[in-house]
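Peer 1: Can you make the complete structure from the sequences, with help from the hints?
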Amino acid sequence: MSTKNILDISPLESEAIYIIREVVAQFEKPVLLFSGGKDSITLVRLAQKAFYPAKIPFPLMHIDTGHNFPETIEFRDRLAKELGVELIIRNVQDNIDAGKVKEETGKYASRNMLQTETLLDAIEEFGFDACIGGARRDEEKARAKERIFSVRDDFGQWDEKNQRPELFDMLNGRIDLGQNVRVFPISNWTELDVWSYIQKEKIEIPSIYFAHKREIFIRDGLIWSANDDVVFRDKDEQVEERMVRFRTVGDMSCTAAVLSNATEINTVVEEIRSSKISERGARIDDKRSEAAMEKRKQQGYF
Amino acid sequence: MNVLKIATAGSVDDGKSTLIGRILYDTKSLTEDKLQAIEEKSKQRGFDYLDFSLATDGLVAEREQGITIDVAHIYFSTPTTSFIIADTPGHIEYTRNMVTGASNSQASIVLVDARNGVVEQTYRHFFINNLLHVKDVIIAVNKMDLVNYSEEKFNQIKGEIAYLAEKSGYQNQNITFIPVSALHGDNVVNPSDKMDWYNGKSLLEYLENIETYKTEDTSKVRFPVQAVIRPKTEEYHDYRGYAGKVYGGELAIGDEITILPSATKSKIKSIQFFDKEYTVAKQGSSVNITLEDDVNVSRGDMLVKVGEEPNVVKKLEATVCWMDKTPLQASEKYYIKHGVNDAQVKVTELTSLIPTDFSDKEPNPSKLSLNEIGEVSFKVSKPLFIDTYQENKANGAFILINPKTNNTAGVGFIK
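Protein sequence lines correspond, in order, to chains A and B. The opening position of the first sequence corresponds to residue 1 in this note's numbering, with each subsequent residue numbered one higher. The opening position of the second sequence corresponds to residue 1 in this note's numbering, with each subsequent residue numbered one higher.
These are computed hints drawn from the structure, not numbers from a lab. Among the clues, some could well be false.
[Unchecked claim] Incomplete in silico selection of chain B near chain A, CB under 8 Å:
1) D33
2) F274
3) M323
4) T326
Positions of the beta carbon are idealized from the N, C-alpha and C atoms, including for glycine.
Peer 2: Listed below in structure tokens is the structure:
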């Protein structure tokens with residue numbers, strides 16, 4: 001080789017790859033929880049890098065609430081096909097139809113809480129012992145307290161007051177039968193880190209992250225997607241068309257849009273950089289109470 | 001962009017939350033919705049100031065009791081550096097949290113209340129930063145506003161710490177003193193106009209200028225193998241890549257290497273990261289390495305440069321910080337995780353208990369309880385490839401796991 005070609009990758013990327021490799025080495029049946037959002041798409045790229053030129057050695061699993069944006073679903077299917085990775089889908093609707101869970105009704109109804117039940121069923125069905133997720137500590141203050149290897153019991157519960165210390169980069173994945181570990185390789189990334197990575201790596205993401213024309217209505221100062229099949233709307237809540245994009249993508253029934261003209265990645269990154277509102281400020285599910293996330297986590301949510 | 005991990009520690013009233021809040025506020029890192037939430041909550045609780053701990057105390061129990069139970073992570077950035085602060089709580093399970101925070105940090109901020117000077121807590125902060133060889137320690141002398149910004153008071157504290165530093169077993173530490181007022185923002189992000197006698201940098205300026213390479217190991221290179229990559233496809237039929245992270249130095253194509261434990265020799269054929277090839281991998285990089293020869297390498301093995309081999313041992317002596325409710329005792333067995341290598345150990349001797357106030361060691365204690373530090377000897381079930389913690393941080397530390405509960409029970413620093 002004629003020129004010196006020095007590898008000096010970012011500490012955050014190196015850390016995430018190290019963690020993903022530890023998961024495969026320490027667990028029998030890992031799975032990557034894939035939502036079709038930017039964080040789990042970033043995880044997929046990191047997993048690809050961790051094992052290249054081999055394929056990603058674990059399946060992707062999506063817990064489909066039935067309230068996802070169609071753009072996300074289309075993207076999910078295409079990505080799994082391109083990578084040649086198995087995609088497992090479990091539907092919240094099945095549990096509703098079987099009468100196992102009760103769907104919320106009314107103005108703020110969402111299927112966010114119901115995902116947990118379907119997720120726990122799927123973990124048991126497949127015997128997954130490690131579930132890799134794209135949660136980040138900077139998103140929310142309960143998440144800021146969670147470990148990289150977060151042990152959950154038979155019921156998927158997080159025992160927040162009794163977590164294992166994590167020293168240096170040694171990760172303790174020893175668990176009892178029936179327990180599983182939630183793994184967060186991008187714990188230390190911020191929202192801007194993720195967006196900058198998507199920009200630098202030219203990673204494709206679903207179109208709803210970019211500004212587009214959409215039918216929306218305003219409630220409580222937030223911009224809701226007008227989709228009468230999924231999102232409850234009062235008669236006096238007027239639908240209008242606006243240029244919007246989504247900064248975070250959950251269900252249509254619990255994710256608010258932001259007004260934006262950023263139609264490509266560079267302008268999106270600029271917008272994030274100068275934003276005065278936090279990412280989860282647009283998550284209707286977090287606004288239920290100050291402890292909403294911690295409560296959901298104790299019950300087995302991600 | 002640089003990433004700098006910092007640990008902060010302090011007791012309840014030394015103004016740690018205020019300091020962190022001040023940093024976030026003055027670097028404009030708090031978004032409007034978060035600031036608004038803090039303002040509302042502070043008012044609700046009848047405070048006439050902004051209680052920034054509300055931004056970091058993430059658990060219900062913490063907010064109920066008004067105390068921090070667990071390490072919180074705080075993120076902010078300046079145009080040149082991304083900062084990750086591990087904010088370790090002051091009173092509950094103090095040593096355990098502080099050691100955990102410091103193990104993942106390149107720099108540490110120790111807060112001292114200017115009115116009280118060096119107190120018992122300061123000794124402990126200082127001791128742990130020494131034990132873990134944290135390269136940069138910043139002594140932030142806070143509440144300068146309450147001592148009339150007195151240079152004399154500041155110098156007095158400096159002198160007391162210098163006395164402690166003499167007793168330290170780690171003499172290469174950079175210790176920096178900065179007089180601040182977190183409440184008013186003096187010398188935190190912006191320089192103070194009330195202390196003409198101080199010509200140094202503000203806290204943030206200092207942190208931004210810590211060159212991260214200086215804080216890392218520059219010792220012998222260690223490459224613990226995490227996984228063997230075997231694609232088994234047409235294109236990569238015989239491909240065998242060794243995946244891992246480079247510690248302590250750098251690796252280059254053509255380097256002659258020894259594989260441990262087999263002591264087989266080979267040469268580095270290629271260094272890969274994703275779909276690109278490189279000639280040199282710097283420390284900290286997660287890479288894929290292929291060798292010239294078809295040799296037997298598996299997870300837990302280690303690649304090192306010929307002539308730079310670590311010690312291969314079945315006995316260990318280490319300083320251990322205990323983190324489990326069940327005490328460590330002689331002849332107990334534990335799992336050991338040394339990097340990515342797993343084995344079992346048996347405690348052969350508990351040599352001493354080390355007080356965290358720099359006072360004399362207590363010989364032959366009967367046990368090591370939660371949050372205690374001691375010197376311990378072990379017998380290992382299989383050979384480990386070790387350096388002393390002083391020589392190589394990553395290869396000189398290990399964790400112990402309680403086999404009954406699978407919990408991480410302690411951390412050891414090899415002597």
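Peer 1: Would you pick out the hints that fail for this structure and give their numbers low to high?
Peer 2: 4
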